[in-house]
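Engineer: The lines below spell out each chain.
Number of protein chains: 4
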Amino acid sequence: MVVMTPQASEADISAVVARLEAVGVHAKVMPGELTTAIGAIGDPEGVRALALEGMAGVDQVIPISRPYKLASSELSHDSPTSFDVDGRRVGGGETFTLIAGPCTVETREQTLAIADAVKPYASMLRGGAFKPRTSPFSFQGLGLEALAILREARDRTGLPVVTELTDSAHADALAETVDVIQVGARNMQNYALLEVVGKLGKPVLLKRGLSSTLEELLMAADYILKEGNERVMICERGIRTFETATRFTIDLGGVAWLKLHTHLPVIVDPSHAAGDRRLVEPVARAAAAVGADGIIVEVAEDPDAALCDGPQQLYASGFDAFAASVLAHAEMAGRRVG
Amino acid sequence: MVVMTPQASEADISAVVARLEAVGVHAKVMPGELTTAIGAIGDPEGVRALALEGMAGVDQVIPISRPYKLASSELSHDSPTSFDVDGRRVGGGETFTLIAGPCTVETREQTLAIADAVKPYASMLRGGAFKPRTSPFSFQGLGLEALAILREARDRTGLPVVTELTDSAHADALAETVDVIQVGARNMQNYALLEVVGKLGKPVLLKRGLSSTLEELLMAADYILKEGNERVMICERGIRTFETATRFTIDLGGVAWLKLHTHLPVIVDPSHAAGDRRLVEPVARAAAAVGADGIIVEVAEDPDAALCDGPQQLYASGFDAFAASVLAHAEMAGRRVG
Amino acid sequence: MVVMTPQASEADISAVVARLEAVGVHAKVMPGELTTAIGAIGDPEGVRALALEGMAGVDQVIPISRPYKLASSELSHDSPTSFDVDGRRVGGGETFTLIAGPCTVETREQTLAIADAVKPYASMLRGGAFKPRTSPFSFQGLGLEALAILREARDRTGLPVVTELTDSAHADALAETVDVIQVGARNMQNYALLEVVGKLGKPVLLKRGLSSTLEELLMAADYILKEGNERVMICERGIRTFETATRFTIDLGGVAWLKLHTHLPVIVDPSHAAGDRRLVEPVARAAAAVGADGIIVEVAEDPDAALCDGPQQLYASGFDAFAASVLAHAEMAGRRVG
Amino acid sequence: MVVMTPQASEADISAVVARLEAVGVHAKVMPGELTTAIGAIGDPEGVRALALEGMAGVDQVIPISRPYKLASSELSHDSPTSFDVDGRRVGGGETFTLIAGPCTVETREQTLAIADAVKPYASMLRGGAFKPRTSPFSFQGLGLEALAILREARDRTGLPVVTELTDSAHADALAETVDVIQVGARNMQNYALLEVVGKLGKPVLLKRGLSSTLEELLMAADYILKEGNERVMICERGIRTFETATRFTIDLGGVAWLKLHTHLPVIVDPSHAAGDRRLVEPVARAAAAVGADGIIVEVAEDPDAALCDGPQQLYASGFDAFAASVLAHAEMAGRRVG
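Going down the list, the protein sequences come from chains A, B, C and D.
Residue 9 is where the first sequence starts when you use my numbering, and the numbers rise one by one after that.
Residue 9 is where the second sequence starts when you use my numbering, and the numbers rise one by one after that.
Residue 9 is where the third sequence starts when you use my numbering, and the numbers rise one by one after that.
Residue 9 is where the fourth sequence starts when you use my numbering, and the numbers rise one by one after that.
So that you can see chain A by itself, here it is in the shape it has in the complex:
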């Protein structure tokens, strides 16, 4: 939809129409009270490439088609996608996936103890091997050494393992070891990495960027989907706003919006947004009630000793009560544990 300025001349209007038609886009002129609008009917990418905003007499170009394609619920005729991760069902509107584990793999003992604690309720085990840190002087994770520990935890508990990939150089090592590749919030628009992840063929957990719109999140999912990898979960983890009482603002209204507009499973991460252990359980319950397909939470054996993100981690000893409370809301919202 091209809106002309009130001062636009007939010649300006004709020039826009000619330009649209030159690339095979059908143009429909709509004179209004103050301004004329021109509907452009055809490939939206082609229209955008014309950069009509630069032409004389053009006020604004308003896109009307949604910019994401493969992730759109229209593509799946409004039927939610479901898929298997090592025998665990994800998505499909019927299951609730509870992913839990340490923020970062620090030692073999720590990781195995937490894995044992979450096993009765969890659907998958999370644990960071490579940690993207804001400051270069912070602890960056154990790296490849952590992968061996995670593999042992998986063999012991039977839980599929979720780990973040931060650098395409580690892609093959991760693909061999872990079951779900996580793309972190800071890399949501690292398109080179998205394409690498798309080609690995492993299930993906794609986190929303700190200040990415929901439309951009679905376009980032498109980068992975277009490589033929259809097992993509998207994850709301809190956005950056003016409010600083909580570390990030968890966008649960956005989760409800996503359930309408994408067929992909939607997971909520209540830990990073809270920044305070006492907020994690209420937010996790709300995520289950709003209709999320699962949550991902951080658990620590002794949170006070964790090397990163300590204050927001649940205690392993309280995990059973936490899980029971969240799953009760998930069941009331029509889900069973995945």
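One or more hints might be untrue.
[Stated by the list, open to error] Derived list of chain B stretches under chain A, where covered just means 3 residues or more per stretch with a C-beta under 8 Å from a C-beta of chain A: (1) 212 to 226; (2) 240 to 249; (3) 289 to 297; (4) 331 to 344.
Hints are computed from structural coordinates only; laboratory data are not their basis.
Note that CB positions come from ideal geometry on N, CA and C, so glycine has one too.
For chain A, the structure is supplied; the task is to place chains B, C and D on it using the hints.
Structural biologist: Same frame as chain A, but now just chains B, C and D:
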């Protein structure tokens, strides 16, 4: 806490200490690796009034006490406030208050029909008489005429009535008719109005400003509380962020934070943030699950004909199913209907 | 512009068209590749009142006309408004208005000393009598007593006086004493106050709300303009964003946008956004360079002793150098001092 | 600074002190009116790693040292860094660097024509070879083919060339061809890429992320600086806020803040934030007036035909007038063209 720059001299430090002590604030000097910090122990308002940031060698002044007082949960020794509104119990951690009704009172028939529809489940009836509108050319509400209609609806259903006050000129008229005075988001920092409302002695529903922090919301509540009016509910209704897929970003993590930091009842308005009817029920369920003390929703007999905010209003015919779904989550979170 | 969902039926489309035509709006159906759009040509308020988003098959309603009217540069045929304030010319694309003075009138001596200091360069004198404060426990200004001091400062220096109105109860007192009525950021959407100010017939300085869009700012100006008061200056003073290094984010790109879209004079307040004296001069220079019609700054005789907002106030002793630097950029941008 | 809750016991306080001292951090207890604070004097990273927020009785942990180190102006004793890029001086508080060129290299003819047009005023030539695009279905740039064209443009004009690196796989190819490696906004927290760029030893232009704080920007610079690469320019290009009238909100107050807090040269990109050609010149003038060390702008021979970002590009034919206007403000702010 006053943090000095690395270049601050001994004289700079002494000057700050002298200034603090001159107004009776105790100062404690703490030399650090790079910079010196000075702890100021005493009345925080007095310290702020000194404007120490303007002194030589001062880098930043970091307030450590929380800036709200009367609304703080510390004041009530962490016990949540509860009070009566015309026989309906609000707050106290045990009840869930369901406020429902039309966005705006448009006609007697419309208002009574909606009041009848919500009566079986609702705790209170909402309805706008004076509507603050962004554009001066929009419909502004029926005004005083609406108050008579609301009074009739209350007599008929027994539901207490909630209406927004937009101008202190209407304060007395509202106080005579309605049971709860609402202060809207755009007036949250209209301090003259807050003081008027504080003096009316009626229960108040104070909405969070579109871009007010949670601390500012509690300071606004302080304006009402300090007039001796202790029946204040605060209401999260969505904040303005970069995300535009939903009209506002409902801050349910902020609701969890409020339940820790204030003793006042916390209500959630899922209608205004959503901007889309299909999002209202999931967000309302999430509000119940996160621990809110109630919700306030818009209901229309025939939403397509409403004169304002149509797309977000629930249909009266679907209100029973909506209420049952939300209240089930509220009960699971330990509440009974207020 | 009404965009239908891909699933919308012919009947859905006909219903929307019928509804538009029933209120005299011309409808133009535009079938697209995936979705159909319907152009609605007529009164935008009337279209909005229909709440078409609630109808079956409607995906979104996209307004194409701009929502502000009287403040629009189209109304003035792109010619900027100018007017007199007590013999001082404001706006018109040729003058630069330098408003300076204390944040708050604290004493007669302080106010007169600052008025004397700014007189050689300033176009007007600012000074707060009633101060809106976030916490009810902060200093709120001298009130009516300040007005007498300001009147004396005006008589002594010949500078017109700018003061904020926070409560319509003080409207007449202010109108008698001061030359320009300021509406503060927190009251930008206090519509009752805007109408009062519109009726006073005095020049107005309307500040942008902390999180108000530029379109909302111009709609707020419309509230004043529609009362027949045409002497309105609008003022950018920084918006609330995620960034906290500066107190607010001054939106100078927004000032450039305003100069294209409104005929009203645009003033910039660099003091409140900065929160740090050292940032005020560079931001003021940038405001002059970007094409603002003036600035408003806070000056203190001894900033360390000010009772509010101390750290951002310029020193009176440095005001000459400050003004010379800013005015040089204003002149380079084609302005002379107003 | 560790702030305890009002309910914290003596034992809670002692536990925090013991924990700090166990890792060699000196602890100073400061009892306050309501709460006790504990100053932690020592390595801030070490203190953060303790995750004290998780301990009983701890309310908040407030960092007082600034989190960036190598980029801090304290490190350079407040003297701004300057360095050479192929004989062009950058930074140092005396030069103004004007970087101009096409958004994307599309053809040899287009690139050479624009290079010729900007040569009389520009300090460097910009041009994209690899374009990160939000949608995977958009034009992604010519890739390696573009590098040969840029090399020819450099040989012809003598202007050093600035190009963005989007994938470490292209690092060596870029390092061979171009003079300044740009890290784009979406990759500002792609730490793997930052380290690669740090090791290349080429001058770097590091763009601020869409929603990165200024502190995070300086920490990202630390990632490059710690590899021994000291030739880093940082670039403000607009942040994401609630305002959508302009595409992004250019943070010129943030530029003034950066000039106080970092020794690195600060460049402003007015093109991407504006999204409208008419806003680029006023914002560029403001950038010069606020004290930036340079600007980077997009220029197109025929903007209407550009394949990306057309509406914000300057016309080559108007570049001389644009540059003269901006440089006049830069000179008034004490700079000469670099």
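Engineer: Compare the structure with each hint and give your call.
Structural biologist: Now the hints, each set against the structure:
1. 212 to 226: It holds: at least three residues are needed, and the segment 212 to 226 of chain B offers 4 whose Cβ sits within less than 8 Å of chain A.
2. 240 to 249: holds (count 3)
3. 289 to 297: Answer holds; 7 residues pass the 8 Å Cβ test.
4. 331 to 344: Coverage by chain A holds here, the residue count being 4 at a Cβ distance below 8 Å.
Going down the numbered hints, you'll see the structure goes against none, and every one checks out.
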